[in-house]
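K.L.:
Each chain, letter by letter, is given below.
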Amino acid sequence: MSHPEKAAAFISDEARTDWHDQALWFVRQKRDVQSKAVPEWEDLREAASEIKHHTLSRLDFYLSQFAEKAEANGVHVHWAVDANAHNEIVGDILKQHSVKRLVKSKSMLTEECGLNHYLEESGVEVIDTDLGERIVQFAKEAPSHIVMPAIHFKKAEIGRIFHDKLGTEEGADDPKYLTEAARQHLRAMFLSADAGLTGVNFAISETGGVVVCTNEGNADLGVHLAPLKIHSMGIEKVIPGPKELSVFLRLLARSATGQPLTTYTSHFHRPRSGTEMHIVIVDNGRSRQLGSEDFRNSLKCIRCGACLNTCPVYRRSGGHSYDYTIPGPIGSILSPNMDPHAHKSLPFASTLCGSCSDVCPVKIDIHEQLYRWRQVLTEKGGMPVRKRFLTKAAARVLSSPVLYRMAGKTGRMALRRGPRRIVYSRLNEWGKDRELPVAPKESFRDWYIQHRLETPKDSANDE
Amino acid sequence: MTSKESILQAVRNNLPPQKERPALEFPVNQSLELEGAFQKAIEACGGFYISLAEPLSVATWIASKFGTNVVVGSPSARFGEFSKVDADTPSERLAATDIFVCEGTCAVAENGAVWISEKEMGHRAGPFLAQHLVLVVAAKDIVATMHDGYQHISPDSDGFGIWIAGPSKTADIEQSLVIGAHGSRSTTVVVVG
Chain A
0 MSHPEKAAAF
10 ISDEARTDWH
20 DQALWFVRQK
30 RDVQSKAVPE
40 WEDLREAASE
50 IKHHTLSRLD
60 FYLSQFAEKA
70 EANGVHVHWA
80 VDANAHNEIV
90 GDILKQHSVK
100 RLVKSKSMLT
110 EECGLNHYLE
120 ESGVEVIDTD
130 LGERIVQFAK
140 EAPSHIVMPA
150 IHFKKAEIGR
160 IFHDKLGTEE
170 GADDPKYLTE
180 AARQHLRAMF
190 LSADAGLTGV
200 NFAISETGGV
210 VVCTNEGNAD
220 LGVHLAPLKI
230 HSMGIEKVIP
240 GPKELSVFLR
250 LLARSATGQP
260 LTTYTSHFHR
270 PRSGTEMHIV
280 IVDNGRSRQL
290 GSEDFRNSLK
300 CIRCGACLNT
310 CPVYRRSGGH
320 SYDYTIPGPI
330 GSILSPNMDP
340 HAHKSLPFAS
350 TLCGSCSDVC
360 PVKIDIHEQL
370 YRWRQVLTEK
380 GGMPVRKRFL
390 TKAAARVLSS
400 PVLYRMAGKT
410 GRMALRRGPR
420 RIVYSRLNEW
430 GKDRELPVAP
440 KESFRDWYIQ
450 HRLETPKDSA
460 NDE
Chain B
0 MTSKESILQA
10 VRNNLPPQKE
20 RPALEFPVNQ
30 SLELEGAFQK
40 AIEACGGFYI
50 SLAEPLSVAT
60 WIASKFGTNV
70 VVGSPSARFG
80 EFSKVDADTP
90 SERLAATDIF
100 VCEGTCAVAE
110 NGAVWISEKE
120 MGHRAGPFLA
130 QHLVLVVAAK
140 DIVATMHDGY
150 QHISPDSDGF
160 GIWIAGPSKT
170 ADIEQSLVIG
180 AHGSRSTTVV
190 VVG
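Chains as they are written, first to last, in numbering that gives the first Met the number 0: chain A, 0 to 462; chain B, 0 to 192.
Just so you know, the hints here were simulated from the structure itself, not pulled from any lab data.
The beta-carbon is built from N, C-alpha and C at its ideal position, and this holds for glycine as well.
Be careful, since some hints might not be right.
Each computed PhoX-like pair below joins lysine-lysine, with the alpha-carbon atoms no more than 25 Å apart [claimed, not checked]:
no., chain 1, residue 1, chain 2, residue 2
1, A, K242, B, K18
2, A, K175, B, K3
3, B, K3, A, K299
4, A, K29, B, K118
5, A, K299, B, K18
6, B, K139, A, K68
7, A, K242, B, K139
8, B, K64, A, K68
9, A, K68, B, K18
10, A, K242, B, K118
11, A, K386, A, K5
12, A, K94, B, K3
Reference listing, derived: stretches of chain B covered by chain A, where coverage requires no fewer than 3 residues with Cβ under 8 Å from a Cβ of chain A [what the hints assert, rightly or not]:
no., segment
13, 18-31
14, 49-55
15, 67-75
16, 79-93
17, 135-141
18, 154-166
Next up, chain A with everything else stripped away, as it sits in the complex (with noise of 0.2 Å):
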């Protein structure tokens, strides 16, 4: 189902739509107060621009670096071309280390790979130890927002989902009493792990350390507790050192949440004595990104969240309707390179208001991807056979004078004549949700002609 199909159920509960807007812009303005409160803010996006423009440039040599460094660390570093060799590079890990139960942070790139299905599938019990994380995984649905996984769930609902399957009171719907509930159970499940395994926020290459940062803890206690630590990452993760660590640091949380840090930021170098560390470095479809000039600037993302809090189709739509690992702009301009037409309708859910751009902390260029997608997606073939008549109907009539004249004329006097219910038919999707506007008596060329032209006989000069 394409985007527009999705939405449509989604904002039938117009109630429910506002209050998601609402979620979602709240979190937006919480990101504002600290982008203001900080001085240098623009220069900080400028350097962490300027920084992920420079990693890209030479991906190979911190590729290397990094790998090189952390094994000397004594660290087990692996390479998947895609996320099949991913998912059985860790499958082969637990497997050799007879793992059943693994403990997991929040990784955007594993629910990318599908690991969590693939590891059920050869035996293994996957927690989700993010708090949103485990109530969706609960309740057998994708995350819908990449920070803020439950953000489309009331709180009634996550106590009778809590109430299902962690014995909480029937009814109960308070906040701190089921964070308290979820508290014993994952701590529970932290003591009794035999894996830990984490996503990587940053890869830092002159020292082959990985950054995690939580709010809650969980990965650290998932890390920490466990003979066997994985970290997984994509191979646009890499930065150079730690001096360019602190500017995203200063960025990242202020985008995400409007927190100035986010509780804890681990740097994993060496596994504790007597344990085992690996990293996975992935590139599933992000070399092939990063070749193409039109659309490798998606690669500097650091996967914030702050374009789907801004953009006004997220939040009105929903992470779901994008049917996709990661929804909302970022999502839009990423999904196509992974598969063109699964994703064709994601660049042309958008009013392209460029809000996102603005938000963005290391300033990807996304609205004008989107637009160049749409390019590309319908020299593919890609557009839907109802918009390609329209579109070119529009383009016959645009560009001709006299029939851009005759179509205007024609308009406003169906708008001022004709009967309500033939102006606002089925035909008339804008009107849908929308009065038209009051239609002037003559168009501007007219008054123009009539009042500013010195004579009037010019007129006489048409096409």
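Since the structure of chain A is already known, use the hints to place chain B on it.
P.N.:
Just chain B now, with coordinates in the frame of chain A:
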């Protein structure tokens, strides 16, 4: 060709035009009163701030705030006579510990973060498993921003190091902020000196 070689080759074949590594210079606010700014920041993220004259006062302060009927663990004897925590301490004992006290080597005024590494923690899970966390930093180790922070500490001096800014928290349930998620229920920073 190994996977590593094929990925690196694919990257090499697709490299964008070379761009220079930017020189990163950010303004230093010389007039910023660091300890005051740090206090504001740590309290804004739901943490607590206390100023004490010397390290051994920490034990007295803990007794006055939490009472004497609590289990207090620490890898260090610098702050009082507490249960010793080290790499061999069983996790269940850490989880049953009420308060974990350890030293931080740097604090950042812009966000309330304190740096601790494995050496200071004793056991990597100590700061997370204990119910409450107390971090002790010297006033002279407070810096203004993260840029200064990374000049003050070395992220790979130990196998594990972390910035902790306040207590664990989550807003995953209908955006209601709940302090005390999976990690510590509270975080107090004691600034000494």
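K.L.:
Holds or violated: are the alpha carbons of A:K68 and B:K18 at most 25 Å from each other?
P.N.:
With a Cα-Cα distance of about 24 Å, the restraint between A:K68 and B:K18 holds, given a limit of 25 Å.
K.L.:
Within the segment 67-75 of chain B, is the number of residues with a Cβ closer than 8 Å to a Cβ of chain A three or more?
P.N.:
Contact hint for the segment 67-75 of chain B vs chain A: violated, 0 residues under 8 Å.
K.L.:
Please work out if B:K3 and A:K299 have their alpha carbons no farther apart than 25 Å.
P.N.:
holds, 22 Å
K.L.:
For a C-alpha distance cap of 25 Å, please report whether A:K386 and A:K5 respect it.
P.N.:
Since the Cα atoms of A:K386 and A:K5 sit roughly 18 Å apart, the hinted pair holds (cutoff 25 Å).
K.L.:
Are A:K242 and B:K18 close enough, with their CA atoms no more than 25 Å apart?
P.N.:
Holds, because 17 Å separates the two Cα atoms, which is no more than 25 Å.
K.L.:
For the segment 49-55 of chain B, do three or more residues have a beta carbon lying closer than 8 Å to a beta carbon of chain A?
P.N.:
violated (count 0)
K.L.:
Take the segment 135-141 of chain B, compare each residue's beta carbon with every beta carbon of chain A, and decide whether three or more fall closer than 8 Å.
P.N.:
Violated, because only 0 residues of the segment 135-141 of chain B bring their Cβ atoms closer than 8 Å to Cβ atoms of chain A.
K.L.:
Given that the segment 79-93 of chain B was listed as covered by chain A, double-check it with a C-beta distance under 8 Å for 3 or more residues.
P.N.:
holds (count 3)
K.L.:
For the pair supplied as a hint, A:K299 and B:K18, is the alpha-carbon distance within the 25 Å limit?
P.N.:
OK: A:K299 and B:K18 at ~14 Å, within 25 Å.
K.L.:
With a cut-off of 25 Å on the C-alpha distance, tell me whether B:K139 and A:K68 pass.
P.N.:
violated, 32 Å
K.L.:
Please work out if A:K242 and B:K118 have their alpha carbons no farther apart than 25 Å.
P.N.:
Cα-Cα ~23 Å, so holds.
K.L.:
Straight-line Cα separation of B:K64 and A:K68 no greater than 25 Å?
P.N.:
Violated, at about 45 Å.
In this structure, the hints that do not hold are numbers 2, 4, 6, 8, 14, 15 and 17, in rising order.
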